[in-house]
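Participant: Model the full assembly from the supplied sequences, consistent with the hints where possible.
Protein chains in written order, with the working numbering: chain A, 1 to 151; chain B, 1001 to 1379; chain C, 2001 to 2271.
There may be inaccurate statements among the hints.
To be verified - Cut-off 16 angstroms, straight-line C-alpha distance, at most; resulting in silico cross-link-like pairs (EDC-like, lysine to aspartate or glutamate):
#: 1; chain 1: C; residue 1: Lys2252; chain 2: B; residue 2: Asp1342
#: 2; chain 1: A; residue 1: Lys137; chain 2: C; residue 2: Asp2085
#: 3; chain 1: B; residue 1: Lys1297; chain 2: C; residue 2: Asp2085
#: 4; chain 1: C; residue 1: Lys2268; chain 2: B; residue 2: Glu1256
#: 5; chain 1: B; residue 1: Lys1297; chain 2: B; residue 2: Glu1061
#: 6; chain 1: C; residue 1: Lys2268; chain 2: B; residue 2: Glu1259
#: 7; chain 1: A; residue 1: Lys139; chain 2: C; residue 2: Glu2270
#: 8; chain 1: B; residue 1: Lys1326; chain 2: C; residue 2: Asp2085
Simulated from the structure, these hints should not be mistaken for lab results.
Keep in mind the model is a prediction, meaning the values are calculated, not measured.
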Amino acid sequence: MPSLEETLARHPFLAGLGPDHLQLLVPCASLVSWPADQTLFTAGEEAGQLYLLRSGRVAIMIHRPRRGPRTVYTLGEGDVVGMGWQDLPQQWFFDGRTLEVTRAIALDAACLARLSESHPDRGYELLQRFVRALLGKIKLLKLQLVDFYGS
Amino acid sequence: MSQFRWPGGAGAVMPAAALGDLLALLWREGFQPVGPTVQDGYLGLDVLHTPADLPQGWTTEADAGWFRLQRSDRAAFFGFNLGQESWKKFLFPPRLPVVTAARQDGLISFAAPARPPTAYALIGVRACELAALAVLDRTLRQGAFRDPDYEARRQAALVVAVNCTESDAACFCASLGTGPAVRGGYDLALTELTGADGHFFLIQAGSAQGERLMAALPVQPVREEQWQQAQAGIAAAARRQTRSLATADLPGLLYERPEHPHWEEVAARCLSCGSCALVCPTCFCFCLEDETDLENKTATRWRLWDVCHNLDHSYIHGGWLRPSRKARYRQWLTHKLAAWLDQFGCLGCTGCGRCLVWCPVAIDLTAELPALRETAPKE
Amino acid sequence: MVPRPFRVVRYRRELPDTFTLTLEPLAGPAEFFFQPGQFNMLYQMGAGEVPSSISGAPGRPRELVHTIRAVGNVTGVLQRCRPGDVIGVRGPFGTPWPVAALAGRDLIILTGGLGLAPLRPVIYAILARRQDYGAVEIIYGARSPRDLLYRRELERWRGRFDLRVHVTVDSASPDWHGNVGVVTNLIPRTRIDTCHAAALICGPGVMMRFAVQELVKLGLQIQDIYVSLERNMQCALGLCGHCQLGPFFVCKDGPVFSYDRIGPWFEKREV
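Facilitator: Shown next, in the form of structure tokens:
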């Protein structure tokens, strides 16, 4: 069985980080696994964790009064689910629910924030990766705004 | 007295009055002579019964956004340059039925309308227009798909060309090498000579049919001074041209500058009226339109001239690919002077100048192209 | 220019605005041969003519199949066609997808909305000679689960061991267990060998532009990416001038182009 550090190293979000950097992350990380159709978080709850998905898929849903939930985005292997580690405590903005058996690395947001304080260079590297993932997601969401298939 | 041989055939001379013989001969041979004629103050192209139908004693003045048909003190039949219409009106008619459909007993049958083509004799085709016919030939006769109607009309047609001994201010054939002297592509070529010693046509055959016709006309050998006079007239016509179009950097220039600020500048003036494309002797865009009877039992599909300045030219469901005027003018000019080279191996322009003459706001491609050639002004 | 009369033998409602006509010729040869990616001009008497790509199987030339979205005059009237009605057909026109030339390659077939229709003949052709190709992945996006074209066929293809099918929609209710997000999102999820892969793309312009960017990021060469374009087409013979895109007449030089040829034009605005 691979060590937690090895599992961290294999995730695209952390790929290429040095062993010392990964070592620093180990205390913040844990492996999690959920069955299908499990609610991971609900809008308004405290978002204390970031999830680096290793397999499976998670639906990001918005709940609309009277009309029920609507899936606006699905995330899968290699994706990051979470609100970051700035301005804690953060709250989840949408609902998250697994669509199939899903495995992830959970990173504790408060732990990441402490890491960034004590090792600003390491924190900056993580933040860069987070921003990059976020921008990629925003780009795709913008495409989703135009009626992509309508014309 | 020496006799001259022009490249491609023996030159001869006939008295101006023999033009009537030529028209009569063409009528007898089954051709319908068509050519320039003035009706109600308009210089157009129409049927010529006798030389009296030609605009004898008329001349033109043409410049960007400017055209005047005026009386002249010369007796010349062809003492003008170009009117608004080009010969494509006969060979590529503005309105042509291409398919008929009939519904009967729940079935529908389709047919191509049968139409034996009129054998036109095109009288007075200028060098730039001969070049334009050659361009249309490449477009409609020599591609992967051919237009059978154009092919039939073109094959049946006889061409009587006329060398230009005058140029209008709008002319720029000399810079494109398409004129003012005709170079092949005709059955007969005329050069009109007026002067103290009489009114003649220098006449030359460019085909076997031309030679045959010439043999039936009262022709005499050319005298040296007549030949000199003709050459001098043509050379003077070339010399007098003030407009020109440099094309060595095409198509690249236009392909590389779709966002040049000058396009916006032209678009601010352009009315998208499409006149330039309608008067252009090589523009070939058409649309198809259905016409049905009230019961929808028979339908005719018409081919109608279309122009890329129309918004609907680029329509696909849900919108237009060239909504801006800038994009439409750019399409027109880029097609004429760039894409045409890739598509047909020649420019879509022969220097006739009609587009700038008949532009209501005097947009002049011989000025627009150099402006596009200049690098973007530095802000 | 003269159409051939074809009889509608089957009408199938695909989506509220999309339908499939199966046609057979009333006169002339009983078989209609075409290559995947080619299109016909469909003529509805009194209404006019529209280009429509052929969406049937090239190996079944006795039935001519067109999937059409009712978006305009003519397509609106075609939607009211029922078995027994007669329409006119001219074609086939245009360049095909280079199906045979791609033998030995891994393939990504990427499409959105109605774009699946012109690619379905490719999928049929590949499945008919599946052993000739490497990994084949179909990526398909639609507005919502209700807007998925050929849904049952997609499910069948997904059930095969020799195809990977990814479907995504823009938004969905919780009973949708598939992906939600734009179609380009799924490109990194493919498991093809990008050194030996080719991509065939058909869909709206924006989709194709972003899909090409993602595929290039993945390592595909632009000459291995093929797109099918849509333009105003009236004659389909390269004569009427409407379908021009730079030096190309899309009706005869296309509609299928390799991206190294068409890319520079595709990316310019309003050309």
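Participant: Going through the earlier hints one by one, which of them does the structure break, listed in rising order?
Facilitator: Violated hints (numbers, rising): 2, 5, 7 and 8; every other hint is consistent with the structure.
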